[in-house]
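**Q** Below are the chains, spelled out letter by letter.
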Amino acid sequence: EPLIPMESSEAEPSESRPEEDGAAPGNCLAKKMEITVSEAEKRTGRNAMNMQETYTAYLIETRAVESQNEGQCSPVDSLWRRYSEFELLRNYLLVTYPHIVVPPLPEKRADFVWHKLSADNMDPDFVERRRIGLENFLLRVASHPVLCQDKIFYSFLTQEGGWKEMVNETGFQLKADSRLKALNATFRVKNPDKRFTELKHYSDELQSVISHLLRVRARVADRLYGVYKVHGNYGRVFSEWSAIEKEMGDGLQSAGHHMDVYAASIDDILEEEEHYADQLKEYLFYAEALRAVCRKHELMQYDLEMAAQDLTSKKQQCEELATGTMRTFSLKGMTSKLFGQETPEQREAKIKILEEQIQEGEEQLKSKNLEGRDFVKSAWADIERFKEQKNRDLKEALISYAVMQISMCKKGIQVWTNAKECFSKM
Amino acid sequence: MEAEGRVPGPPPLPPAGGGIGAELPAIPPGAARAPLLGAPAEVLELDDEEDDLEVFSKDTSLAEANSFSPSMTISPSSMINQYKFEDEPELRDLFITVDDPESHITAIETFITYRVITKTSRGEFDSCEYEVRRRYQDFLWLKSKLEEAHPTLIIPPLPEKFIMKGMVERFSDEFIETRRKALHKFLNRIADHPTLTFNEDFKIFLTAQAWELSSHKKQGPGLLSRMGQTVRAVASSVRGGVKNRPEMFTEMNDYMETFSQKINVLDKIAHRIYKEEREYFNEMKEYGPIHTLWSASEEDIADSLKGVASCIDKCCKATEKRMAGLSENLLPILHEYVLYSEILMGVLKRRDHIQSELDSKIDALANKKADKDLFSEEIGKLEDKVECANNALKADWDRWKQNMQCDMRSAFTNMADNNLHYYEECLATWESFLASQTVDCHGEEDSEDRP
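Residue numbers (this note's numbering), protein chains in the order written: chain E, 1 to 426; chain G, 1 to 451.
I should point out that these hints are in silico values taken from the structure, not numbers from a laboratory. C-beta atoms are modelled at their ideal positions from N, C-alpha and C, and glycine is treated no differently. Treat the hints loosely; a few may be bogus.
With a straight-line Cα cutoff of 25 Å, these simulated PhoX-like cross-link-like pairs (lysine-lysine) come out [said to hold, decoys possible]:
(1) E:LYS229 to G:LYS321
(2) E:LYS164 to E:LYS42
(3) G:LYS285 to E:LYS229
(4) G:LYS285 to E:LYS395
(5) E:LYS229 to G:LYS268
(6) G:LYS268 to E:LYS410
(7) G:LYS268 to E:LYS387
Distance ranges between label pairs, derived from CB positions [as the list claims (entries may be wrong)]:
(8) G:ASN264 to E:GLU272: 34 to 44 Å
(9) E:ASP250 to G:LEU374: 50 to 60 Å
(10) G:SER297 to E:ALA243: 54 to 64 Å
(11) E:ASP111 to G:GLU320: 57 to 67 Å
(12) E:LYS190 to G:SER297: 24 to 34 Å
(13) G:SER436 to E:GLU34: 31 to 41 Å
(14) E:MET49 to G:GLU299: 42 to 52 Å
(15) E:HIS201 to G:GLU320: 29 to 39 Å
(16) E:SER84 to G:SER172: 31 to 41 Å
(17) E:ALA243 to G:LEU374: 41 to 51 Å
(18) G:SER297 to E:LYS108: 21 to 31 Å
Partial list, computed: chain G residues near chain E (C-beta under 7 Å) [claimed, not checked]:
(19) THR258
(20) ARG272
(21) THR413
(22) LEU420
(23) LEU427
Sequences and hints are given; from them, build the entire structure.
**A** Encoded structure:
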């Protein structure tokens, strides 16, 4: 039974099949609809175990784009969703489109924190960055040529009530591969596509290097914060000292003010850097999505190999029965040899069953092969699309990091030029 | 009083080959320039200073082992006027360097000696160049002799015996170098000082061979009595201060209390900044190479990643430079002024003590009424002593304040400069990286996948 539907079987009000190239096709959802996650709100409610809990709800606003172009003010639809619903949506997409590199969600818990950021999920800075991350997620899905057509996704954005039930009714949880099965396949598969093996290594390396980078970046940020903030002490002491000095007083006082400015400037600088860190984090999590596609391939390939192996052994059994020779050991064969032969009729029956099974098996193998090739083809197309997106995004991120550094240096130059002038007047 | 700021830091040495004569006015051999020995002053070509020097040349009675001990009567005006000429760098005639630390190991102890080279054109020095070896103990001795001879002059600070906080090992190279620089500054500040420069113990310190110095040290009042002066002074001030302290010195006291507080805090702040910069540097060292590592698994963005790695490494080096600037300039100066603030508090207390001697004698006279004549003479002497001490301190205080302002201005300006250079270097690095990126960019205008 085929495992993967190539596209949603539901009829969608869309035209031709979208092109699967790098850029988002003109008729993808992102072009037709403006999507924002505009607000976050603290809520209290009761959870599954009837215990009171606090959580954050996010407001998703959508608005049709076409009417805007015509100068009309189109109405904004909105609904509230919490993080767990986003997770549910994503899990659905993962199972339903295993050949697609599914965009990741922002982190569940604050990780790679440096001392100033709180690791608390309720911290307003964390919530704000998560809001942006969730919006980013929705926009990525909406601009994906395949994912944007999914009806469940569309309902997530537009249908407040009953969405959860709708998702569960798709029965996607049943289609999900067990972790154990996947792990087993990873170890035992014999001939996976070389490209996927390489991709797996790449995604492991990417995960490892980005985690390392984020960890060190957090430490660097911590230290930088320290350097700037200690300078703030100069401001206070200069001011106090200037009170007892006649000639030096003015210079000290004004230099002190600049030290205060310097110390305060680090807050904005580091906040901006957090957004850069978030961009890297997205690709850290994307690496996991890449890995998932590779795992799916390994699973399918392993399945195929098992099916082929099974077919071969059945064919062999059949041959042995037909010719009466025993090339492979079987307990049944042994016992029957020892305890008496089968009757020719019994043998015929067995052969007949086997031949039926073999025919079934060959059909299955054929379709599995086809599936496998289709999977590889469409997965690889999405992987190419992903690669280009990743290169674009990361290069942009690195450039924006340079821009941030430049801005920080310029601020530093200004402050210290001013301070130097004050000092020289002491 | 011409009170321009002096050139901060140790004076430049005359060029090695040229010798002393090259930078100074010609000095006839045997001519004594020092006021103590009563030589004519024409060698200095300081027409308006001649009066002062005339005054000094008359005081041949002062030509003995120690200059200006408190019991001598010196005209106050001559003390003040002497302030001027010593601060002209071109007229410097005493050049001192401290270098070449060497370790000495004996059965009992291990210690370091420093080479002290003196080049001079002064007549009272038998030679024009001296090279001696001195250890820290010797510097301590010199300082205490100067304090004893001039209780109300501001004797420059010596580096401390141990540095507890940094937990710098006693004989580490860094420690020795820091100490050497401080000792060098110490001697040069004395040489710069209009009065201290002519102190006899100072001369012996610079010129005597090791055994000569040892035997000289053994003469004179013992260590305990030397320590006693300041101890008694502190004790008397603790007992309730001075009744008739002139307003000026109360102001000085108040100033020094606040100054001392502030300078101590500034010293702490500067050290803390150094520490934070060091930690930042350590993290940055690791940060750059990660990008290089990443570039190894990428193709398209490998160059960008390597570019970022290189920028971070350059900024890392720039941070190291910034730290070095701090430790070479601001930190030592702040530390010196922490020591200075203690010294100045001590000087103020000693002045108070001298005054209290006078005050108590006056009180005694008021009570006893007998031996009036004897007391009057003593009181007269004490009154002179107090006036001298006050004038000496006032002059030295003004000089100290000038120098402090100069030192602080230059130290903080230098710190600002350091930071400016740091940011300018980093800016250049990142801007050139950015330029390289936007040139390669294939004009990716529509990243439609990207929200």
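**Q** Does 41 to 51 Å hold as the CB distance between ALA243 (chain E) and LEU374 (chain G), or does it fail?
**A** Given about 49 Å between the Cβ atoms, the range holds.
**Q** Hey, does the THR258 (chain G) contact hint survive, CB to chain E under 7 Å?
**A** holds (5 Å)
**Q** Please verify that hint: LEU420 (chain G), Cβ, nearest Cβ of chain E, below 7 Å or not.
**A** holds (5 Å)
**Q** Check the following: the C-beta atoms of ASN264 (chain G) and GLU272 (chain E) are separated by a distance inside 34 to 44 Å.
**A** Given about 37 Å between the Cβ atoms, the range holds.
**Q** Any CB of chain E closer than 7 Å to the CB of ARG272 (chain G)?
**A** This hint holds: ARG272 (chain G) lies near chain E, its Cβ roughly 5 Å from the closest one there, short of 7 Å.
**Q** Is the hinted pair LYS268 (chain G) and LYS387 (chain E) satisfied, with a Cα-Cα distance of at most 25 Å?
**A** violated (52 Å)
**Q** Compare the distance between the alpha carbons of LYS285 (chain G) and LYS229 (chain E) with 25 Å, and conclude whether the hinted pair is satisfied.
**A** holds (22 Å)
**Q** Given the proposed pairing of LYS285 (chain G) with LYS395 (chain E), does the C-alpha separation stay at or below 25 Å?
**A** Holds: LYS285 (chain G) and LYS395 (chain E) sit about 23 Å apart, inside 25 Å.
**Q** Take a look at whether the Cβ-Cβ distance between LYS190 (chain E) and SER297 (chain G) falls inside 24 to 34 Å.
**A** holds (26 Å)
**Q** Under the criterion that the straight-line Cα-Cα distance not exceed 25 Å, is the pair LYS268 (chain G), LYS410 (chain E) satisfied?
**A** Answer violated: LYS268 (chain G) to LYS410 (chain E) is near 28 Å, above 25 Å.
**Q** Please test the hint of 54 to 64 Å on the beta carbon pair from SER297 (chain G) and ALA243 (chain E).
**A** Holds, since SER297 (chain G) and ALA243 (chain E) (Cβ atoms, about 59 Å apart) stay within the stated range.
**Q** Double-check THR413 (chain G) for me: the hint is only fine if its C-beta lies closer than 7 Å to a C-beta in chain E.
**A** Because about 4 Å separates THR413 (chain G) from the closest Cβ in chain E, which is inside the 7 Å limit, the hint holds.
Consistency with the previously given hints fails for numbers 6, 7, 11 and 16, ordered from lowest to highest.
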